[in-house]
Amino acid sequence: MFENIGQVISLFWRTLLALPLTWRQRQKVFDQFFEIGNASLLMVCVLSFFIGAVIALQTGPVLVERSLASAVGGVVGIAIAKELAPVMMAILIAGRIGSAMAAEIGSMRVYQEIDALRTMNINPVHYLVLPRVLAIAIALPMLVVFSVLIAWFGGAVVANSNHLIDIPARVFFSDLRDIVELKDVANGVFKSFCFALIIGVVSCHQGLTTIGGPRGIGRSVTKAVVNSIVLIVIFDYILTRFLLK
Amino acid sequence: MNGSNQNNISSGVGLVVRGLHKSFDGQEVLKGIDFEVRPGEVFVIMGPSGSGKSVLLKHLIGLEEADAGEILINGDPITAPEIAAKYRMALVFQSGALLSSLTVGENVGLYLAEHRLKSPEEIEQIVTEKLADVGLHGILHKMPSELSGGMKKRAAIARALVIEPQLILYDEPTSELDPVSAVVIGDEILELKQRIGVTSLVVSHDRDLAFGVADRIAVMADGRILTIGTPDEVKNFKDSQVQNFLNADFKREK
Numbered sequence: 009m010f011e012n013i014g015q016v017i018s019l020f021w022r023t024l025l026a027l028p029l030t031w032r033q034r035q036k037v038f039d040q041f042f043e044i045g046n047a048s049l050l051m052v053c054v055l056s057f058f059i060g061a062v063i064a065l066q067t068g069p070v071l072v073e074r075s076l077a078s079a080v081g082g083v084v085g086i087a088i089a090k091e092l093a094p095v096m097m098a099i100l101i102a103g104r105i106g107s108a109m110a111a112e113i114g115s116m117r118v119y120q121e122i123d124a125l126r127t128m129n130i131n132p133v134h135y136l137v138l139p140r141v142l143a144i145a146i147a148l149p150m151l152v153v154f155s156v157l158i159a160w161f162g163g164a165v166v167a168n169s170n171h172l173i174d175i176p177a178r179v180f181f182s183d184l185r186d187i188v189e190l191k192d193v194a195n196g197v198f199k200s201f202c203f204a205l206i207i208g209v210v211s212c213h214q215g216l217t218t219i220g221g222p223r224g225i226g227r228s229v230t231k232a233v234v235n236s237i238v239l240i241v242i243f244d245y246i247l248t249r250f251l252l253k
Numbered sequence: 040m041n042g043s044n045q046n047n048i049s050s051g052v053g054l055v056v057r058g059l060h061k062s063f064d065g066q067e068v069l070k071g072i073d074f075e076v077r078p079g080e081v082f083v084i085m086g087p088s089g090s091g092k093s094v095l096l097k098h099l100i101g102l103e104e105a106d107a108g109e110i111l112i113n114g115d116p117i118t119a120p121e122i123a124a125k126y127r128m129a130l131v132f133q134s135g136a137l138l139s140s141l142t143v144g145e146n147v148g149l150y151l152a153e154h155r156l157k158s159p160e161e162i163e164q165i166v167t168e169k170l171a172d173v174g175l176h177g178i179l180h181k182m183p184s185e186l187s188g189g190m191k192k193r194a195a196i197a198r199a200l201v202i203e204p205q206l207i208l209y210d211e212p213t214s215e216l217d218p219v220s221a222v223v224i225g226d227e228i229l230e231l232k233q234r235i236g237v238t239s240l241v242v243s244h245d246r247d248l249a250f251g252v253a254d255r256i257a258v259m260a261d262g263r264i265l266t267i268g269t270p271d272e273v274k275n276f277k278d279s280q281v282q283n284f285l286n287a288d289f290k291r292e293k
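One line per chain: the protein sequences are A and B, in this order. Take the first sequence: its letters are residues 9 to 253, numbered as in this note's numbering. Take the second sequence: its letters are residues 40 to 293, numbered as in this note's numbering.
Think of the hints as simulated: they come from the structure by calculation, not from any bench. Just so you know, nobody snuck in bad clues.
Every beta carbon over 12 angstroms from chain B, so not counted as near; a handful from chain A, in silico:
id	residue
1	W21
2	F58
3	I86
4	L100
5	R227
Below, a sample of chain A positions facing chain B; criterion: calculated Cβ distance under 7 angstroms:
id	residue
6	Y119
7	Q120
8	E121
9	D123
10	A124
11	T127
12	M128
13	I130
For clarity, every value in this text was computed on a predicted model and none was experimentally measured. Here a beta-carbon is modelled for each residue, glycine too, at the ideal position from N, C-alpha and C.
Work out the full structure: start from the sequences and follow the hints.
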């Protein structure tokens, strides 16, 4: 386990050292970015809308019953911007994109494509890891901003239409604006940037260390997703503690 | 065959392997390998599966590091940092190892594109020429998954040629190929030797290929070289292990 952690940190460091090559790899970064957006946008919309809706549904009636109707917009807004959107989107992307990264690189490893790169003096970190980590580090925060807006909209729809809550959308957003500050959204976006680095590096590392044919690829994909999610949850706590100060 | 663009390729390099040892998890796979490949010759290493041939090949291209021993190219140790810049080596993998996400043209031109050695137009022209050199036409924009096994291997050879290599290593170049495709690959190896004088090291357990293309053959078993010689010398070598391996196919045919 400690060896794996060391390897992941080492890969992260080597990716950082490769950052000056970003411009050279820009086409690959763009391709990966497009793939992430293309593969995730619809799911992000659906998931975010219903996360916002269910948070409003869970908290709205309780708050309204206690004459705290003006807090509904704020509670939904804060919960989504600071916690739910970054974490849920990171988990979604770990499952959708992290698994694909681990599978693709793992398959390249098993079928000697990475060895072929090395024989051509092409560094796999520069060619495979850097574009993926950069693309996910750009895409996830953008998806989170998008997710926050859709989830707020979902919350407003439920707050407006549910007879137990019955708060007009205009009032919901007005209450939300009173409580949610730009820095709350920025905190969530910053968290998602950190989660993106975790997903990118962990998934690429799993891919690069794949052994043992198709079964090995399957194992790598599972490990990439599980390890990413565990690290996301752990780092969520650490980052939240840090950002609350 | 189009060989007009090959005139600038320098002739092959010599390779010396001395006392190479390698173990994985306590199991010794290479037990002191010694041999020499002369510039411009086709040197074939034969041996049964699991004899350590592919591991040896990975050491020669720098994908594995030996526990002991040395590999010299024209007298320079392969571990020297300047070796990649000084000598051009290419490995044709058993599977071809074309990148499945790239077209055949992108695969063949990958070295030039990634190292920014030529403009995209020049790369396309070179790639077309190299593919034509190995008898492949009109497949520039096809994906590797659309090619047959033989075409994949020839595309892999074209990718190796783009580097303008002085040493080409082949890992089981005829495995999983039908007899006709295997003959074509053998012809390619000979053609490259004659046309550009490249040194070729072929690892294979295909007896027909080995005796068809080799200037010299080494027979390897259980991590050791059993004998080295010309095809005739190896055929007549009086050693039961060597003869058992060489005659296995004859026995099966009977």
